[in-house]
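Given chain A, put chain B in place with the hints provided.
Number of protein chains: 2
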Amino acid sequence: MKNFAAVMLGALALSCAAPAARTETDPLPSWSDGSARTSIIAFVERVTKKDGPDFVDPSQRIATFDNDGTLWAEQPLYFQFLFAVDRVKALAPQHPEWKNKEPFASLEKGDMKSALSGGEKAIAEILAVTHAGMTTEEFEKIAATWLTTARHPTTNQPFTSMVYKPMLELLTYLRANGFKTFIVSGGGVEFMRAFAEKTYGIPAEQTIGSSGKEKFEIRDGKPVITKLPEIDFVDDGPGKPVGIQKFIGQRPIAAFGNSDGDLQMLQWTCSAPGPHLCLYVHHTDATREWAYDRTSSIGKLDKGLDEATVQGWTVVDMKTDWKQIFSFEP
Amino acid sequence: MKNFAAVMLGALALSCAAPAARTETDPLPSWSDGSARTSIIAFVERVTKKDGPDFVDPSQRIATFDNDGTLWAEQPLYFQFLFAVDRVKALAPQHPEWKNKEPFASLEKGDMKSALSGGEKAIAEILAVTHAGMTTEEFEKIAATWLTTARHPTTNQPFTSMVYKPMLELLTYLRANGFKTFIVSGGGVEFMRAFAEKTYGIPAEQTIGSSGKEKFEIRDGKPVITKLPEIDFVDDGPGKPVGIQKFIGQRPIAAFGNSDGDLQMLQWTCSAPGPHLCLYVHHTDATREWAYDRTSSIGKLDKGLDEATVQGWTVVDMKTDWKQIFSFEP
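For the protein sequence lines, the chains are A and B, in the order given. For what it's worth, the working numbering labels the leading residue of the first sequence as 2, then goes sequentially. For what it's worth, the working numbering labels the leading residue of the second sequence as 2, then goes sequentially.
The hints are simulated quantities; they were obtained by calculation from the structure and are not laboratory data. Honestly, I wouldn't trust all of these hints.
Because identical chains cannot be distinguished in the list, a pair is counted as satisfied if it fits within a single copy or across any two copies.
[Unchecked claim] Within a straight-line C-alpha distance of at most 25 Å, the following computed SDA-like cross-link-like pairs (lysine to any residue) qualify:
(1) K51 <-> K199
(2) K50 <-> E198
(3) K216 <-> E231
(4) K214 <-> I249
Extracted from the complex, chain A is given alone in its bound form (with noise of 0.2 Å):
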């Protein structure tokens, strides 16, 4: 009896222990044998190392995500950009003052080269009328009736189904071992919110994006907060290591990207004191995926190319790194 009761109490107290790294179950079962993995392994390993010289406390396992182009794609355009696309159409019999007025005439034909040669000013016009004059709530329903409903141009996929499954693997993996895990993008907040939970289980306020102002204002007799058509804050390059401070008020430990655009976030991480893994996503499969760099005008990854190999970060070389891409691969 008492052995039976001591067996018992056995597996109590393993089925209640805070669950470990299972050894035994490969937590990044899509990422190939390599120094990338490798990389990633002995980073968590030597942080979470209960009496190493390398320990950090969970409070302090800050990890931040880029999302173009590292957690999700980004071509043929950024998928937001799309999605501002797909609402200049849906809006267009409401303004036909559009049909003579640049860039709209040109989106409403298909024609995103002529479009965009308006350049700043242009893409300001599209996220004035895409992203502003309607309230916060108004536009979580369109990015999220737009996010079920459009399909990639060349996948035919949803967006949300062109994720990168060894990047949700790694934010599985960082979250068993105590980690917080950020977005800290580019991309609007808003649009970002819409997904970012369910498709990465991180919640709203671990998601760090672009901002246009906001206006709180009482509005028959029940408060809203509307969206304005003006820039307030721009995460991207310098902006990232600024959102980071702002929003997180700590120094992640690792951080992740894939373009120029998040050069000083990794600088930012990686030129702190103590431990930290800094790793650049190299889109280097033209068949699975895409393949661009130094000359790409979306996702250009130049000068953070040079970095890494000065600063000795991680590189994964998504051909041979990743044994599988997207989760609808066959």
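Just chain B, lined up with the frame of chain A:
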């Protein structure tokens, strides 16, 4: 044997269950029996009752707290302003020109009234020299040192002892019931982050406040973030719901404040559909704390008190609802 196994498995199930509200131990011992305490407990039981009509998923149990006058005292002046005054005095030897320049000349003499006669411009000048022109890491150290060495002018206690014991109990009670607790305060975010985690158990990324602009730069080959003498965001009045949307991205279901500066946060929280709790702390105890409301220059509570009556919000009468205010009380 079978019965013994059943008992042990029962124990296993019990031990592994999420911790329930401990009805045998009072979670709010410093709160008198009364309508304030009753409304808090009734609300928490409603939203956590698994099969009840008002159950709220833990991911949506967001509670926001003002800081000055709600979590810690704010008399005779906002503590952060006392910090700024001490900084002006500490910096004065490096600034002989301040001897003939307001508001610094008056501050050095301890003449607060003359110093503040310059209004917002004077305050902006004081903030610029005390909260900018250094890196974020330098500021963190200065604030942390001040918090451990400075003493409150009338109680002679460290400022972090000037927190309300009933509110600490409330924070713990809410978190034990699956709430995420946030500070949403007009105070400076980096000043508050210097003590919020240790004092309130609220981590940096759940501490939201007013902030100045910041800049990422490489200084002597090392990345730093510097604090600029320019306001970025004022987290007060209508700025509070805007700050909630910007930083949390979800509407709270419970909000706690003490002044008209919290009114819009409470309106935003308690006009949402579904169960919600809005609570004002009313400073009514001139003996143990301070008594002030409609005509106070610090923590004015006028419109908010009227709206609390109209909307049926909970109003804490500090004198009768709180058995103990500060932990250091005899």
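Exercise for the section: Could you tell me which of the numbered hints above are not met by this structure, giving the numbers in increasing order? Expected result: none
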